[in-house]
Amino acid sequence: MPKKGDGTTVLIADDSALVRQEISRIVSNLGYRPVMVSEGDEAIALLRTSSFNAMLLDVHMPGKSGMDVLRFLMESNDVMPVIMISGSGDIDLVVQCIKMGAYDYLTKPVDSNRLAVVLKNAFSECALRQQVRLLSAAVDQSPVAVVITDAGGNVEYANSAFSSVFGALAPDADTAFARCDSAELPSNIRKAMVAGKVWQGDFCNRNAAGGHCWAHAIISPVGNKGRIPSHVLALIQDITDVRKNKEALLRSTRRFRDLADLLPQPVFETDRKGFVTYSNRAGFVTFGYSREEMKKGLHALNFFAQGDRSRVLRGLNAKKITGRLGSHEFRVFKRDGSCFPALVYAAPISDRNGFSGFRGIVVDITELKEAEQKLDENRKKYLNLFRAIPDAIIVADAESGTLVEWNTQAERFFDYSPEDLSRLHVGDLYPEELREEAAASFGSDGLSQPRMLETQIVTGHGLRIDVHLTSAMFMTEGNLWFVGIFRDITEQKRSERLVRENIRMKNDFISTVSHELRTPLFSILGFTGTLLREQDELDRATRMEFLSIIHDESKRLSSLIEDVLMISRIDSGRVSYKKSEIDPSVTISEVCRNLKIRADEKMIELHLKVHAPSKHLYADPDALKQVAINIIGNALKFTPSGGRVDVLLSYDDNSMFFSVKDNGPGIPEEDLEKVFEKFYRVEHSETAVDGTGLGLSIAREIVEAHGGTITVKSRVSEGAEFLVRLPLPEQSDKP
Amino acid sequence: MKRHVILIVDDSANIRRLLAHNLGRKFTVLTAGDAAAALEILESGEKPDLIVVDISMPGMDGFSLTSLIKGNPDYCAVPLVMLTAKDSSEDREKGLQLGAVDYITKPFNLEEFADRIGLLLR
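Top line first, the protein sequences correspond to chains A and B. Under the working numbering, read the first sequence as residues 1 to 735, first letter to last. Under the working numbering, read the second sequence as residues 736 to 857, first letter to last.
Chain A on its own, in the form it takes in the complex (with noise of 0.2 Å):
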């Protein structure tokens, strides 16, 4: 309320200047600054433009009349109290002015108390009036529904977003209520309002569109102190959105806890500190506390072994910078004490005070870790297998032919050391000629059957071996492999050659034999069938000159078969010597001096020469007999009428020397070694001679066969020497 000397303005309105000038006068002893006019429509300008706190206003002005300048204020809606100023007739139209929003009347001569009395009240009535009209607008103009009831429940008043929230302003508040879903709510107002309490609550209720809406109510009665209320005041907001969101923030924290639920590994959370402050199910399952203990403080190191726990705090402090999730290894401990290999993942949680903790998944890798171990294993037998494998084994890659992998076999089977084997090409293993063939064996026909050839390969050392290889490829991440397995087959080779070689020389021998045969047998046939068919014709001179030859070819034949059964008992293995301690001299000079009738039917001179003192030899007797009538009988053959043969057995520590030294004609350089070769016989156009052709061969068997060896040295038309050296028993030998 303006107060005196604040400024308080009063628009005094009369055309009396008079009366203008006391009214003015008493204004300003009043305390309050007179403004006047002197026409209604001064004051309406003036009005316009300005604003006062209240107006005395003349009934009768010429042109606008006080009436019109009050009509004019209360169709600008003007709170400002207006005092009519009015002479002793003019009741009727003062009571008009009343009607039309004025708020009091003066009757002239204006009395100053009675002046300040009216302007006093007009004063308080006017800050009443805008009061209210403040307290009204806030209520009108509030988004916050506004309703007043009377204590019967009956609307007295409701703003206009009353009308927004329910669509309508309703008759009353049964009505508005009993379009609420919720059942229980008119009856819990109903309480509230008879028991003149406080009730607030939310409730859903149809929308005039037909939606859901939520309300959230505030219910109070309204009265004067200690009365009995006499309205019911309802604060309604709509809190349909907050509500919405409030619940879909709702349901989204229950899905993401189920899904947690839902996950066998165990999740958590801890606080800044380490605290488990959330698990899974999982959680409590696989490690076996409670959510009772987790609530009484479980700190998330009581998982981690004692030495794994730096390393845990260094992870977490790393994450805690980066921010970043990371997973590491530990063995992490359940409540009963045992443990497993886990990976933790684990992130930082950050809210707005910056980082409050973390949060993580355990996931278990005990089958992980146990088939990795499996893995390893197979992978460590697998390879010490193929490292065993006796064959040498390298694998290449199929497009480029270097060598990937092998074995130590083929290590020490190429000769190459691993580093050296791993810079090669499959090519460098074979012989240049040989390269071709071994680069068709893989790379052109992919996987096809394996493959089996017999090549060579040349090692580190450049020595060639021969090999049987088998190769094969396969396929592996995609690539194509070759892998080639070399087995050296040089024993093989060899054994094959020599069995190759047996059965030539057997063929050989068994046509030479069945050529040898038939030469006597043709003769013994033809003589035989001569001296039958001839019988009487021939003389007897003739008949015994046959028969000598029948005979003599018989025996050859005879002797002929002998030495192939002999030489056939040699080479079957099936010869066995009866060895005992004899004296070489004795058996020598024997089989010189049977020998000796044939050299002196040739006219050969045979000398035996024997250097004392004569040692024993450890041989068979008859053996050794058979080498001396071979060798010196080959002598004899051989040297033509005239000649001599030259016998002398000699002796060292260690040996027997028996050497035959004849001078015939010699024997070509070229055919020295063929000498003890089976059927063979020195071709010499002048002397045609008779024998076997085993017997040097038979010799040199039994020599060699008592460790001991045959030589021969001779020139052509020089002669021949024949000489066998055997080893004399050792002490531990003899008997």
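Hint data in this document are derived by calculation from the structure and do not stem from the laboratory. It is possible that some hints are incorrect.
[Said to hold, decoys possible] A few chain A residues facing chain B, derived, Cβ under 8 Å:
| hint | residue |
| --- | --- |
| 1 | 304 |
| 2 | 305 |
| 3 | 515 |
| 4 | 521 |
| 5 | 522 |
[Unchecked claim] Heads up, simulated DSSO-like pairs for lysine-lysine below, C-alpha to C-alpha not over 30 Å straight-line:
| hint | chain 1 | residue 1 | chain 2 | residue 2 |
| --- | --- | --- | --- | --- |
| 6 | A | 334 | A | 369 |
| 7 | A | 64 | A | 108 |
| 8 | A | 506 | A | 713 |
| 9 | B | 737 | B | 782 |
| 10 | B | 829 | A | 678 |
| 11 | A | 273 | A | 334 |
| 12 | B | 841 | A | 555 |
| 13 | A | 334 | A | 380 |
| 14 | B | 805 | B | 829 |
| 15 | B | 782 | A | 674 |
| 16 | B | 829 | A | 506 |
| 17 | A | 625 | A | 493 |
| 18 | A | 506 | B | 841 |
| 19 | B | 829 | B | 841 |
| 20 | A | 320 | A | 374 |
| 21 | B | 841 | A | 637 |
| 22 | A | 493 | A | 506 |
| 23 | A | 506 | A | 625 |
| 24 | A | 273 | A | 197 |
| 25 | A | 625 | A | 579 |
| 26 | B | 805 | A | 678 |
| 27 | B | 805 | B | 737 |
| 28 | A | 674 | B | 841 |
| 29 | A | 296 | A | 244 |
The structure displayed is predicted, hence computed values, not measured ones. Quick reminder that beta carbons are idealized off the backbone N, C-alpha and C, glycines included.
Take the given structure of chain A and dock chain B to it, following the hints.
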């Protein structure tokens, strides 16, 4: 009628003796112990009507002797019979290819042999 002359070349003295005896009744038989001796006889001006050659002989063998004889215009027309203990078909083929008219393997029937010689000389 003049007797046909037959030259026998064989390294076995006994075979020479046997053939000489058996063919000697119908023919005049000359013998040689090896190829060199045979060539010596031929070079001495002797012109046999038929030559019998053994294949395996020390020194020059029967095949070489045959090709020498067949290569000499003086003797190439003389029929030549190979006589051998070798009975392989390769040897037979080789002998006939070299120009032998017959190839006889030991042992054989001496009377038949004499008849065959007679036929060849007719």
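Structure-based check of each hint:
1. 304: Result: violated, 95 Å to nearest chain B Cβ.
2. 305: violated, 92 Å
3. 515: holds, 4 Å
4. 521: holds, 6 Å
5. 522: holds, 4 Å
6. A:334 with A:369: holds, 18 Å
7. A:64 with A:108: Cα-Cα ~20 Å, so holds.
8. A:506 with A:713: holds, 28 Å
9. B:737 with B:782: holds, 13 Å
10. B:829 with A:678: holds, 25 Å
11. A:273 with A:334: holds, 21 Å
12. B:841 with A:555: Holds. Residue 841 (chain B) to residue 555 (chain A) sits at ~19 Å (cutoff 30 Å).
13. A:334 with A:380: The given pair, whose Cα atoms are some 33 Å apart, is violated under the 30 Å limit.
14. B:805 with B:829: Holds: residue 805 (chain B) and residue 829 (chain B) sit about 13 Å apart, inside 30 Å.
15. B:782 with A:674: Given that 30 Å is the threshold and the Cα spacing comes to 39 Å, the pair is violated.
16. B:829 with A:506: holds, 24 Å
17. A:625 with A:493: violated, 39 Å
18. A:506 with B:841: holds, 22 Å
19. B:829 with B:841: Cα-Cα ~17 Å, so holds.
20. A:320 with A:374: violated, 37 Å
21. B:841 with A:637: holds, 26 Å
22. A:493 with A:506: holds, 20 Å
23. A:506 with A:625: holds, 27 Å
24. A:273 with A:197: violated, 47 Å
25. A:625 with A:579: At roughly 13 Å apart (the allowed maximum being 30 Å), residue 579 (chain A) and residue 625 (chain A) satisfy the hint.
26. B:805 with A:678: violated, 33 Å
27. B:805 with B:737: holds, 25 Å
28. A:674 with B:841: holds, 28 Å
29. A:296 with A:244: violated, 35 Å
Comparing the model with each earlier hint shows violations of hints 1, 2, 13, 15, 17, 20, 24, 26, 29; every other hint is respected.
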